[in-house]
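Whole structure, please, built from the sequences with the hints as guidance.
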Amino acid sequence: MKKSLVLSFSAIAVLSANEQVSLESILVSDTLNSKVVKDISNENLKSADLAQALSDVSPSISLVRRSGIANDIIIRGQKKDNINILIDDAKIYGACPNRMDPPTSHVLTNNIQSVEVIEGPYDVESFGTLSAKVKVNTKKPKEGFLGDVNVNYGSYGYSKYSATLSGGTKDIKALISASTESSEQYEDGDGNTLAQQLEKNSKNDINAYSDKYKDMDAYEKKTFMSKLYFNLDDKQEINLSYTANRSDDILYANTGMDAIYDDSDIYTFNYIANDLSTFSKKLKFNTYYSKVDHPMATTYRKNGAMEMTNHMKSKIKGAKLQNDMNLFNGVLTLGLDTSKRSWEGEYSKKMNPYFADSISKTNTKNKAFFAKYDKDINAFNIELASRYDRTDIKTDGNEQDNDYNSLNAYLLTTYKANSSLNLFAGIGKSSRVPDARELYFKNSSGKLVGTPDLDQTKNYEIDLGFEKTIGDFKIKTKLFYSMLKDYIVYNASKVENKFENIDAKIYGFDISGFYYASDELYFDYGLAYQRGKKDEALDGQNDTNLAEIAPLKARVALNYEVGKNSFKASYIASKAWSNYDEENGEQHLGGYGILNLKYENSYIKNTVVTLGVDNVFDKTYATSNTYKDLTLLSSTSDEVMLLNEPGRYVYVNIKYSF
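When we follow the working numbering, the leftmost residue of the sequence shown carries the number 1, and every step to the right adds one.
Calculated from the structure, these hints are not laboratory results. Yeah, the Cβ is synthetic: ideal placement off N, Cα and C, and Gly gets one too. Errors might be hidden in some of the hints.
FRET-style restraints, in silico, Cβ to Cβ [to be verified]:
(1) N497 <-> A244: 37 to 43 angstroms
(2) A244 <-> A305: 41 to 47 angstroms
(3) Y415 <-> V609: 45 to 51 angstroms
(4) S637 <-> Y213: 54 to 60 angstroms
(5) N204 <-> L611: 38 to 44 angstroms
(6) Y415 <-> G147: 44 to 50 angstroms
(7) F230 <-> N363: 55 to 61 angstroms
(8) A305 <-> T620: 30 to 36 angstroms
(9) E582 <-> L558: 53 to 59 angstroms
(10) K468 <-> V495: 49 to 55 angstroms
(11) T169 <-> K505: 52 to 58 angstroms
(12) N352 <-> S637: 55 to 61 angstroms
Okay, here's the thing in structure tokens:
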């Protein structure tokens with residue numbers, strides 16, 4: 001049954017624009033530039049960290065370890081504003097210039113239904129998609145009355161409690177979800193906590209945690225989400241949502257400060273109308289507002305008596321109107337998009353409430369028009385799209401304001417050669433403007449780290465690929481070549497204006513697929529490799545290796561399902577870092593291979609019990625390198641301090657649904 005379901009699904013969906021990967025049963029339909037990771041709320045039970053969940057299932061996504069929670073991701077060697085992250089079509093930007101609170105940290109896995117990852121410049125509907133878009137879709141309310149309660153315990157004192165209620169009629173539906181979680185400091189494979197890693201590896205003892213705080217919990221996090229859906233009639237719908245995240249006392253061991261708290265709020269409003277007229281197959285209007293409040297300080301360190309604080313705030317509001325209409329047996333989409341992003345921060349000390357701006361209040365205003373046309377021609381599917389942006393950036397500081405204009409476009413084609421072979425090709429150009437940190441950020445000494453006259457980055461990319469089904473075996477290969485013009489990088493050799501524009505190239509491939517040995521036993525696998533090179537070394541340097549390009553990474557999983565039992569064993573491995581940007585803080589990282597196990601049963605009515613062990617053999621390893629684009633501490637070897645991954649992690653989850 002499982003086998004026939006997967007093969008039939010693959011056959012009917014090969015021309016869609018989404019690659020669908022279910023963590024539950026590997027329902028896969030691969031295409032050129034997109035994948036959907038489904039059922040995250042049920043599958044990622046060990047923690048609420050979305051970054052961890054994505055890096056565990058996709059070799060092309062790498063984890064940037066910042067703490068026990070609130071970690072970041074790299075996709076095809078791209079991070080921060082180079083990838084565009086949306087939560088229910090709303091943007092949210094972290095306030096921390098040091099990526100303590102990336103966008104992925106403001107939504108938790110227990111609220112997520114699916115995540116769509118579009119790789120490459122193949123998005124015109126959203127502002128700033130340079131090399132990938134990550135679209136997070138949270139749970140929706142359903143008719144009737146249903147809900148679930150989750151209780152989770154894990155190693156290192158981890159505990160999480162969450163509950164969701166949903167219900168209503170055909171015309172009015174609502175959902176509420178709440179959770180609370182906390183954890184002690186995790187231990188790496190050598191048994192060292194975050195505080196102990198810092199104490200053993202930091203070059204300067206004053207950055208270590210004081211005796212009072214060295215055993216404190218790693219974080220505490222609470223969330224609340226509510227949604228309300230109205231069907232005005234059979235063709236029109238309105239929905240509203242509100243999401244709140246409240247995090248306290250998050251430790252960042254290889255950074256000089258910790259987050260005292262990190263609070264965020266996301267508000268959305270959507271109107272959808274279907275078949276209004278001949279000229280409107282589907283009309284959508286959405287607007288959103290989000291904000292983040294994030295003070296980070298030295299409070300818990302041995303130099304805490306000085307208590308330096310950098311209090312950062314970020315907010316963005318935006319709106320989009322788009323209309324789909326049938327035209328010449330295809331679908332034409334026209335849209336307008338606008339947003340205003342604000343970012344500001346200030347330094348203070350215990351004896352000096354305010355002494356300088358880290359980022360003087362900066363507003364980034366964008367207005368755009370986009371168009372997309374999608375059409376099937378026999379065995380071909382063609383998608384052609386374009387977007388024009390005008391962006392104005394104004395600062396309250398003494399530095400220059402900036403304005404940018406860009407015209408982006410792409411062409412995607414899919415060809416169904418036969419029932420078992422599909423070919424893909426795409427070419428596109430995208431861009432993104434520099435953010436306020438890259439333009440205007442100042443350190444606590446008043447030096448201008450940002451570079452106010454940066455150009456916007458352009459990505460010219462070509463993608464090719466195919467997927468082939470041979471009986472119960474499926475393979476898909478994608479290759480990409482990205483030419484980056486005016487790419488924004490960090491130059492550690494400079495005293496000021498450390499960000500600069502360069503030209504660079506990133507290229508690589510990934511392979512994925514599955515094999516069904518029987519109706520009960522199947523395997524899924526993935527492999528990804530990227531290589532990044534600067535066209536020329538940075539000013540004052542010789543190295544042409546591009547930073548944050550993860551080495552070859554592979555994943556293979558065995559899945560066995562019979563009756564009310566399921567078992568999964570996954571092995572994740574990475575080669576050592578042999579190409580890295582040493583002059584800008586990166587260093588050699590050893591390769592690693594870890595085994596994760598998970599068992600699940602549903603013998604008790606309406607109840608699912610899950611037992612799992614990650615990093616079964618308690619390996620000591622690190623996944624993320626030490627690019628000085630982040631402000632990290634120096635180690636005893638005069639390199640930047642690494643942060644090891646957690647050691648063996650055992651967890652149990654009990655879910656009751658009604």
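A quick look at each hint next to the structure:
Restraint check, N497 to A244: a C-beta distance of roughly 38 angstroms satisfies the suggested window 37 to 43 angstroms. Distance hint for A244 and A305: a CB-CB separation of about 34 angstroms, inconsistent with the stated range 41 to 47 angstroms. In this structure the supplied range 45 to 51 angstroms holds for Y415 paired with V609, their Cβ-Cβ distance being about 46 angstroms. In this structure the hint that S637 and Y213 lie 54 to 60 angstroms apart at CB is violated, the actual value being about 26 angstroms.
Between N204 and L611, the C-beta spacing of about 42 angstroms keeps the proposed range 38 to 44 angstroms intact. Taking 44 to 50 angstroms as the suggested C-beta distance range, the pair Y415 and G147 conforms, at roughly 45 angstroms. Roughly 33 angstroms separates the CB atoms of F230 and N363, a value that falls outside the hinted 55 to 61 angstroms. A beta carbon spacing of about 33 angstroms between A305 and T620 agrees with the range 30 to 36 angstroms that was offered as a hint.
Roughly 38 angstroms separates the CB atoms of E582 and L558, a value that falls outside the hinted 53 to 59 angstroms. For K468 and V495, the hinted distance range of 49 to 55 angstroms is satisfied, since their beta carbons lie about 54 angstroms from each other. Distance hint check for T169 and K505: the Cβ-Cβ separation is about 55 angstroms, which falls inside the suggested range of 52 to 58 angstroms. Between N352 and S637, the C-beta spacing of about 35 angstroms breaks the proposed range 55 to 61 angstroms.
Consistency with the previously given hints fails for numbers 2, 4, 7, 9, 12, ordered from lowest to highest.
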